[in-house]
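Following the hints, complete the assembly by docking chain Z onto the known chain V.
2 protein chains.
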Amino acid sequence: MCCQKVAEAEAMVSGGIQDVFISNEVVAPSKITRMVALAAQGARVSVVVDALQPLEQLAVTAQQWGTSIDVLVEINAGQDRCGVDTPGQAARLAEHISRLSSQLNGSVNFKGIQAYHGGLQHVRDPQQRAAAVQRVVAKAAAAVDAINKKAGLKCQLVTGGGSGTYRLEAASGVFNEVQPGSFAFGDADYARNLQLGGQQGEWQQSLWVLTQVMSVSAARACAVVDAGLKAVSLDSGPPVLLETPNVAAGLVAPPPGSNSSSSCSSSGPSSSSSGNACGQLPAVSFEGVEFQNGGDEHGKLLWPQAIPQLPPQLPSLGTKLLLQPGHCDPTANMYDSIVAEREGTVVAVWPVAGRGPGL
Amino acid sequence: MCCQKVAEAEAMVSGGIQDVFISNEVVAPSKITRMVALAAQGARVSVVVDALQPLEQLAVTAQQWGTSIDVLVEINAGQDRCGVDTPGQAARLAEHISRLSSQLNGSVNFKGIQAYHGGLQHVRDPQQRAAAVQRVVAKAAAAVDAINKKAGLKCQLVTGGGSGTYRLEAASGVFNEVQPGSFAFGDADYARNLQLGGQQGEWQQSLWVLTQVMSVSAARACAVVDAGLKAVSLDSGPPVLLETPNVAAGLVAPPPGSNSSSSCSSSGPSSSSSGNACGQLPAVSFEGVEFQNGGDEHGKLLWPQAIPQLPPQLPSLGTKLLLQPGHCDPTANMYDSIVAEREGTVVAVWPVAGRGPGL
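Just so you know, the protein sequences line up as chains V and Z, in that order. Counting from 1, one number per residue, gives the positions in the first sequence under our numbering. Counting from 1, one number per residue, gives the positions in the second sequence under our numbering.
So that you can see chain V by itself, here it is in the shape it has in the complex (with noise of 0.2 Å):
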């Protein structure tokens, strides 16, 4: 299981997972003495370097430990984040991590590469994005040769890929391990990649943000939702309204493989003030309404008006709407908890575990 930061790969060691892949760097001292201390605790732990300091420092501690850990190089596939920039570079610092284990009874394991381009994942056209990640592959390669060639070290794993390009990474002949992880929850962000042919997303969204109307303005057309910058990251670009408000009134998720059916259940929490049960909800269009930040706690929904003398249907105050967020991941970094769904009944409500910055 990838994790992006120890807390996370403790949330899921602790969770029951037993071999988890920090697939980012770790340099704090504290840091990797406490992702040490998962593998001493009996789970399986790997972890990308780009540097010889935290490789060093990780070496000794895991001795210390008398635990080991797997390492992976990290090239900079091109999204000039972290990771080494040549292929001389990933060979010496396999070589390095292969005299380490040598040196301190295995603590630290030579086991590839990391090669990974978060940009390309939301490259929209697919042959613009296949081309660019031949070029990942490319440097992948470069980096699996120069270890073979320079340091006479296999890379048994090469890893990459996400949500929007790991098929391309699986087909490569290069990569042996992908990385998607938003196609669970999905986003709006991801739903505007094209697959070949133009058909739109390979997923279908499960995760949304239940809202509320909170004020409308017929004079203005608009509807305003306490969906704010705390509750919807905008980074990515706004979230997407389900146009199906009656859904939401009653916790209902549309049916698997469609997004524009509706279900009803009466027994929503604001059915009985907001006049929006099943039956009784007026015909509001959601076509061409626009999701404008409103600020820390609101959006606005702007609705198009195309014909001044016929003002838009608007939903009626309490009205509830799921939202497909733009970007998945900084929006759920929000929440405390996750409420899981099925046909019409909550059936667990999950810890968002791990969440928060970098710790």
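Reference listing, derived: stretches of chain V covered by chain Z, where coverage requires no fewer than 3 residues with Cβ under 8 Å from a Cβ of chain Z:
| no. | stretch |
| --- | --- |
| 1 | 50-56 |
| 2 | 73-82 |
| 3 | 212-219 |
| 4 | 287-296 |
| 5 | 325-339 |
Hints are computed from structural coordinates only; laboratory data are not their basis. Idealized CB from N, CA, C, for every residue including glycine.
This is chain Z only, laid out in the frame that chain V set:
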């Protein structure tokens, strides 16, 4: 104490604040009941309304609980978010509050109006800001006048204004309460506001995000820090780096009244391994360094490469830095706690009660 959500009001009351004003519409019956319960427990509770239905729900609920809520009519001050759109609507709503008060044993009391415009807090130029607030003041005055003439009611409170404009509302002769809050933390966006005479921000920054260098690339003149979208909200621009990196090594804040002085402590958690303890610091200049979003868990610090033959001195791995967030509210919202520090010593760890989306 102003709150935007019932959950915040509950946190305030449980923390000992006995006078809370929810400066936002509350429409869900369950939230109205929770708000009334605060009043029934002895707190003084006030809230704004802009529609009949939640007002009536509030009045009936408060009567059932045998308590009383102060109610203000919110007017649309130009932000086109919540609030009634005309003075006539304000008067009718005020009259309705007054009538309900008579009918339901004073379970709601008409108190006045709120006229708040969030967007004006961030108008850079002081003359333009003053002119824009003047339009808000005119709207507030018109509503007060209509409420007096048409409904025969007096506005005891005229409330509004934020950290960017509160002096203007306070001096208007129309407002008698202001609502600044962000000044307590400050952020890079507020710091860009200019005051009359051209000087910058009247408040010192108190809220910083502590981050650590986790990857360095000399070839790209780039240092990657572990603060991404899960650590700093980027909606109002990137965070600004405090230009005294050693300040953070020992969690030591700059002296009050200065944001360019440095202080140093060798007891910092990273000083033993990162080589950036006092006296060993390389001469890193942060002048012209650009913060770029690097994803959910990363920020990229890009050094200007003015002289290609002379690569810039980069901070070493593990260096801790302080970031002034672009927007304090959604940034604080991501943290479970805030570490309070005075002159190099941690004096408290404050839980961020009431954080999260608008519950």
